[in-house]
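Here is how the chains run, residue by residue.
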Amino acid sequence: EDQVTQSPEALRLQEGESSSLNCSYTVSGLRGLFWYRQDPGKGPEFLFTLYSAGEEKEKERLKATLTKKESFLHITAPKPEDSATYLCAVQAGAGGTSYGKLTFGQGTILTVHP
Amino acid sequence: EAQVTQNPRYLITVTGKKLTVTCSQNMNHEYMSWYRQDPGLGLRQIYYSMNVEVTDKGDVPEGYKVSRKEKRNFPLILESPSPNQTSLYFCATTAAVGQPQHFGDGTRLSIL
Numbered sequence: 007e008d009q010v011t012q013s014p015e016a017l018r019l020q021e022g023e024s025s026s027l028n029c030s031y032t033v034s035g036l037r038g039l040f041w042y043r044q045d046p047g048k049g050p051e052f053l054f055t056l057y058s059a060g061e062e063k064e065k066e067r068l069k070a071t072l073t074k075k076e077s078f079l080h081i082t083a084p085k086p087e088d089s090a091t092y093l094c095a096v097q098a099g100a101g102g103t104s105y106g107k108l109t110f111g112q113g114t115i116l117t118v119h120p
Numbered sequence: 185e186a187q188v189t190q191n192p193r194y195l196i197t198v199t200g201k202k203l204t205v206t207c208s209q210n211m212n213h214e215y216m217s218w219y220r221q222d223p224g225l226g227l228r229q230i231y232y233s234m235n236v237e238v239t240d241k242g243d244v245p246e247g248y249k250v251s252r253k254e255k256r257n258f259p260l261i262l263e264s265p266s267p268n269q270t271s272l273y274f275c276a277t278t279a280a281v282g283q284p285q286h287f288g289d290g291t292r293l294s295i296l
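Taken in order, these protein sequences are the chains called A and B. Heads up: the first sequence begins at 7 in the numbering used here, then just goes up one per residue. Heads up: the second sequence begins at 185 in the numbering used here, then just goes up one per residue.
For the record, the hints were derived by calculation from the structure and aren't laboratory data. Note that the Cβ used here is the ideal one computed from N, Cα and C, for glycine as well. Errors might be hidden in some of the hints.
[Said to hold, decoys possible] Simulated restraints on C-beta separations: (1) A:S58 x B:L296: 41 to 49 Å; (2) A:Q20 x B:G200: 47 to 55 Å; (3) A:S13 x B:K253: 37 to 45 Å; (4) B:N257 x A:P86: 33 to 41 Å; (5) A:D45 x B:N212: 21 to 29 Å; (6) A:D45 x B:I196: 31 to 39 Å; (7) A:A83 x B:K202: 22 to 30 Å; (8) A:G22 x B:P267: 23 to 31 Å; (9) B:L195 x A:H80: 23 to 31 Å; (10) B:L225 x A:H80: 19 to 27 Å.
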């Protein structure tokens with residue numbers, strides 16, 4: 007069974023205080039690992055897709071990395087507007103019985119104080 | 185403009201009264217799926233469809249039905265809703281497996 011565990015559940019940072027969010031996963035043949043941001047009352051908003059171990063992607067203050075067992079979302083010098091819930095998801099690849107199925111973690115609630 | 189449209193956005197109903205939540209997309213995407221989101225449990229996939237007339241169960245399909253008769257629509261049907269199906273529901277679409285999903289604005293269902 008595919009599983010995604012995110013840690014910590016909640017993270018409070020001061021503005022400018024860099025940190026990392028963790029996403030540990032098990033999946034039958036990884037087709038892709040996704041990071042999303044979700045603001046209260048809204049649908050998730052896409053941030054990054056990672057496909058293979060060693061891959062890294064960056065966007066403004068965010069950087070996502072991937073190993074065979076986990077992914078990290080690094081936040082450098084965060085601002086209050088980065089406050090949101092960050093979701094990680096894995097999608098099963100071909101070869102298993104759950105090709106195309108998406109499994110999300112429970113999310114990390116990030117709060118950045120000015 | 186690329187859109188995923190869910191209706192209704194809010195619904196309060198009673199146990200056992202059949203309901204349908206519609207999802208429509210204008211991006212000609214192959215893949216569509218439904219999720220429910222509950223506090224502390226994150227997003228859980230209910231059903232997904234990789235093409236017309238093709239549907240597969242996600243992690244929590246019990247109590248739900250779906251159909252994919254045309255590419256743009258993927259309705260979620262609750263034949264006999266129960267209070268444990270009170271939740272926030274999202275529809276999402278993507279061009280293909282491995283591509284990022286576009287989410288709708290959500291439907292908040294309350295079943296009394």
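Hints, verified against the model:
In this structure the hint that S58 of chain A and L296 of chain B lie 41 to 49 Å apart at CB holds, the actual value being about 48 Å. For Q20 of chain A paired with G200 of chain B, a C-beta distance near 51 Å keeps the hint of 47 to 55 Å intact. Between S13 of chain A and K253 of chain B, the C-beta spacing of about 42 Å keeps the proposed range 37 to 45 Å intact. A hinted range of 33 to 41 Å holds for the C-beta pair N257 of chain B and P86 of chain A, which are about 39 Å apart.
As the Cβ distance of D45 of chain A to N212 of chain B is approximately 27 Å, the hint placing it in 21 to 29 Å holds. Between D45 of chain A and I196 of chain B the beta carbons are some 24 Å apart, a value that contradicts the proposed interval 31 to 39 Å. In this structure the hint that A83 of chain A and K202 of chain B lie 22 to 30 Å apart at CB is violated, the actual value being about 52 Å. One distance hint, 23 to 31 Å for the beta-carbon pair G22 of chain A and P267 of chain B, is violated here, with the actual separation near 45 Å.
The hint said 23 to 31 Å for the Cβ distance between L195 of chain B and H80 of chain A, and at roughly 40 Å that hint is violated. As the Cβ distance of L225 of chain B to H80 of chain A is approximately 26 Å, the hint placing it in 19 to 27 Å holds.
Checked against the numbered hints listed earlier, the structure breaks hints 6, 7, 8 and 9; every other hint is satisfied.
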